[in-house]
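Novice: Using the sequences provided together with the hints, build the complete structure.
Numbering-wise (our numbering), the sequence shown opens with residue -4 and increments by one.
A couple of the hints might just be wrong.
The list that follows gives simulated cross-link-like pairs (lysine-lysine, DSSO-like), each with its CA atoms no further than 27 Å apart [claimed, not checked]:
| no. | residue 1 | residue 2 |
| --- | --- | --- |
| 1 | LYS159 | LYS218 |
| 2 | LYS257 | LYS320 |
| 3 | LYS214 | LYS96 |
| 4 | LYS234 | LYS363 |
| 5 | LYS349 | LYS214 |
| 6 | LYS349 | LYS363 |
| 7 | LYS61 | LYS96 |
| 8 | LYS99 | LYS61 |
| 9 | LYS218 | LYS99 |
| 10 | LYS349 | LYS159 |
| 11 | LYS234 | LYS364 |
| 12 | LYS214 | LYS159 |
| 13 | LYS159 | LYS320 |
| 14 | LYS159 | LYS257 |
| 15 | LYS96 | LYS257 |
Bear in mind the hints are in silico, worked out from the structure with no lab data behind them. Computed from a predicted structure; not experimentally measured.
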Amino acid sequence: MNSPNDLPTRRAALVAALAPLLPAHALLYQAEQTTPYECDGLTAYRQRPLAVALPETEAQVAAVLKACHRLAVPVVARGAGTGLSGGAMPHEFGVTLALAKFNKILSIDPLARTARVQCGVRNLAISEAAAAHGLYYAPDPSSQIACSIGGNIAENSGGVHCLKYGLTLHNVLRVRGFTAEGEAVEFGSEALDAPGLDLLALVIGSEGMLAVVTEVTVKLVPKPQLARCLMASFDDVRKAGDAVAAIIAAGIIPAGLEMMDKPMTAAVEDFVHAGYDLGAEAILLCESDGTPEEVAEEVARMEAVLLGSGATAVQVSADEAQRLKFWSGRKNAFPASGRISPDYMCMDSTIPRKHLATILLDIQQMEKKYGLRCANVFHAGDGNLHPLILFDANDPDQLHRCEQFGAEILERSVALGGTVTGEHGVGVEKLNSMCVQFSEQEREQMLALKAAFDPAGTLNPGKQIPSLSRCAEYGRMHVKRGLLAFPELERF
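Specialist: Okay, structure coming up:
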């Protein structure tokens, strides 16, 4: 078992190995230098790494990985740090490989409708660069102004338009990177298909456990001629949930279909003044895009379904400015929640659409049980929930209750036929919940798959796949001053 007393010795050996490989400014190891990297968007849990490497070239990435492999030092790749499940939380005895300097758009091919970019390029920057060609990159997570494409690859991110245009998986053609041993590797192809097994689909969503991504080729799609957003108000959350199912049952696939409950709309409206109906128990945002004729027909059909499902009011955006205003509220749900609570923990389960109202009502009961508030925003079209549990991380009891609250939401989602994560990943946040969803045999297969890519187990260890011993001890999670103690990590 490792001891904190080992840290100075381990750090000295690591710095001595990495210093010749990187410029002096690209290797951080003093406490004040590594503290900014102690967590990602899941701020409840923090841990400083032994060192932070900030490579500027692929050759430097390969050299760092080779050195860490030789020393059996864990490596945690990090992009913009906007992840919400602790996937980029450092390892106490490891290196954080920060890839923010890989921020160049290498090429845009308007004829092939592709863009080749480095892993640190911001999601939104791809669309901004492609706009001159009438193209854009479809996946649009709420953090798109800051999150990196490499992080999107790690978590298989989606966004409000994923219902029609798909997740990261459906919009990426090729990924280049390095194995844990520092060997260059490529998945997928710029062609429509690649020979051999579909390893691209395996790497996307693998949370940095199989390879370190440095370059990505993404698909671009034409900007629609017109888009309109409908805001529908409901006086009952069950009616709103049933309306989502009714839209899909009518054969309509909106460009976006989002749901927010009353506490969330109140928080958002006070923040961005999006024009939301504060009297509604829930609102739906439904978007149609395409040619003007297609949009007019689809908007009419959606409006009829919404009113027929019990909507008390339906407002259609009058122009592009109002459409963007409607969406600005949805995309600012997380920062809006941060204004009304010291901390929040955002869950990320996915359930069958028909159970949206059921899980909302269940969450209301859980609020009473745990004595904590919860504001809800959903990718309603594909059943991806984002309950934001509001708490104060400085209060250990509140943190404990928040963890229990979140675990119960995830367990209930699995019981309703869903899964513990949709687009935020497992990280450290949902390790225990993986024990609920997957059998021992399934978890063994996951670990075997990781071992096929990373035999030494040095890439982002202790994340995503719970150890068999952990699942045997499910429920015995320890919190020490906001730091989780994970048995899996002790072998390093």
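Novice: Take the C-alpha atoms of LYS349 and LYS363, compute the straight-line distance between them, and say whether it is at most 27 Å.
Specialist: Cα-Cα ~24 Å, so holds.
Novice: So if I understand the rule, the pair passes when the alpha-carbon distance is 27 Å or less; does LYS99 with LYS61 pass?
Specialist: Judged against 27 Å, a Cα distance of about 24 Å means the pair holds.
Novice: Below or equal to 27 Å on CA atoms is what counts here, so check LYS96 against LYS257.
Specialist: 41 Å, violated
Novice: Given the hinted pair LYS218 and LYS99, is their Cα-Cα distance within 27 Å?
Specialist: 23 Å, holds
Novice: Does the alpha-carbon distance linking LYS159 and LYS257 stay inside the 27 Å limit?
Specialist: Distance ~26 Å between LYS159 and LYS257 Cα, so the pair holds.
Novice: For a C-alpha distance cap of 27 Å, please report whether LYS234 and LYS363 respect it.
Specialist: 23 Å, holds
Novice: Is it true that the CA of LYS159 sits at most 27 Å from the CA of LYS320?
Specialist: 21 Å, holds
Novice: Is LYS234 within 27 Å of LYS364, Cα to Cα?
Specialist: Given that 27 Å is the threshold and the Cα spacing comes to 25 Å, the pair holds.
Novice: Keeping to a limit of 27 Å between CA atoms, is the pair of LYS159 and LYS218 held or broken?
Specialist: Cα-Cα ~14 Å, so holds.
Novice: Holds or violated: LYS61 with LYS96, Cα cutoff 27 Å?
Specialist: 20 Å, holds
Novice: Given the hint that LYS349 pairs with LYS214, test it: the Cα-Cα distance must not exceed 27 Å.
Specialist: 32 Å, violated
Novice: Check the hint pairing LYS214 with LYS96 against an upper bound of 27 Å on the C-alpha distance.
Specialist: Judged against 27 Å, a Cα distance of about 23 Å means the pair holds.
The earlier numbered hints that this structure contradicts are 5 and 15.
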